[in-house]
Amino acid sequence: MVRDIVCGRLGLTRGLLRRMKQGGGVFLNGQRDYLTRRVRAGDQIQIVFFDEKTELEPQELPLDIVFEDEYLLVVNKAAGMAVHPTGTYQQGTLANAIAHYWQVIGLETKVRLVHRLDKDTSGLLLVAKEPYTLHQLLKQLGRRELVREYLAVVHGRLEELQGVIAVPIARAADHGVKRTADPAGKEAKTVYRVLKRTQGASLVRARLESGRTHQIRVHFAHLGHPVVGDPLYSQAVPELAGQALHSWRLEFVHPRTGRQHVITCPLPQEMLSVWKRFREGEEACR
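Position in the sequence shown (from 1) plus 11 gives the number in our numbering.
Hints are computed from structural coordinates only; laboratory data are not their basis.
Keep in mind that a hint or two might mislead.
[To be verified] With a straight-line cut-off of 20 Å between C-alpha atoms, the simulated DMTMM-like cross-links for lysine to aspartate or glutamate are:
| no. | residue 1 | residue 2 |
| --- | --- | --- |
| 1 | K130 | E281 |
| 2 | K121 | D80 |
| 3 | K150 | E198 |
| 4 | K207 | E291 |
| 5 | K200 | E160 |
[What the hints assert, rightly or not] The calculated label-pair distances, taken between Cβ atoms and stated as ranges, are:
| no. | residue 1 | residue 2 | range |
| --- | --- | --- | --- |
| 6 | S221 | A52 | 35 to 45 Å |
| 7 | R267 | Q210 | 47 to 57 Å |
| 8 | Q280 | R182 | 30 to 40 Å |
| 9 | P194 | L283 | 34 to 44 Å |
In this text, a Cβ means the ideal position worked out from N, Cα and C, and glycines have one as well.
Let's have the full structure, built from the sequences with the hints guiding it.
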């Protein structure tokens, strides 16, 4: 039956089935039909989803597009820009910029962020253009098949060249935003490898095995090596618009084409400058 294809092979949730019914339903060989209709080899099934227009205020802001096709978008977010409106930041967010871009290209849909980045973290962020793509990418994220890797400059010389930080994270009791390492918190795991190091700092590559708020920042602060420029877990530095943490690599399977995508984005110049300062400082002491 059509239902077996739609719910089984495509794995649509009840929410997506509801959107399908609102948007026009299912078509079998070009004719509107029912989920209970039997199918034969060679039949063509088309699904039409109800889509929602964004309620965000479109704002013409700089938008660094790294990859785009009919179904998704990958952007390079600047440090200092909030991802979406909050009580503190109602305008000037990445979501406002994307809403404006949708308007420019004539796309009437919501801004669907597949994952998040902290305001002061730069780098790659994945955005779905339609409900099914979002649904499939979120499934990959839940199964840890959507790989997110970061580059960070942390204070101090990490002695272990690689490691796994498996420390639960919870909200800090005395702070509305801050998180802390806490045995009673939610499971969190970060895998890291040291790329370069000086006596004063280490350049690390970190991969998220979970997605807790501030995870990399909390984990390295817990080790005694907070991220350079982190205003919450260390202290800000004048050279950086945020902290020295950059989402540099995404790996995922395209929900529509089935192709494996690996997308990378180099370190921003301000992070390179901070690392150069640490390196030159060590050389000057020799």
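We went through each hint and held it up to the structure:
1. K130 <-> E281: 16 Å, holds
2. K121 <-> D80: Since the Cα atoms of K121 and D80 sit roughly 16 Å apart, the hinted pair holds (cutoff 20 Å).
3. K150 <-> E198: 19 Å, holds
4. K207 <-> E291: 13 Å, holds
5. K200 <-> E160: Holds. K200 to E160 sits at ~13 Å (cutoff 20 Å).
6. S221 <-> A52: 35 to 45 Å: 42 Å, holds
7. R267 <-> Q210: 47 to 57 Å: For R267 and Q210 the Cβ distance comes to about 49 Å; the hint holds.
8. Q280 <-> R182: 30 to 40 Å: 34 Å, holds
9. P194 <-> L283: 34 to 44 Å: 37 Å, holds
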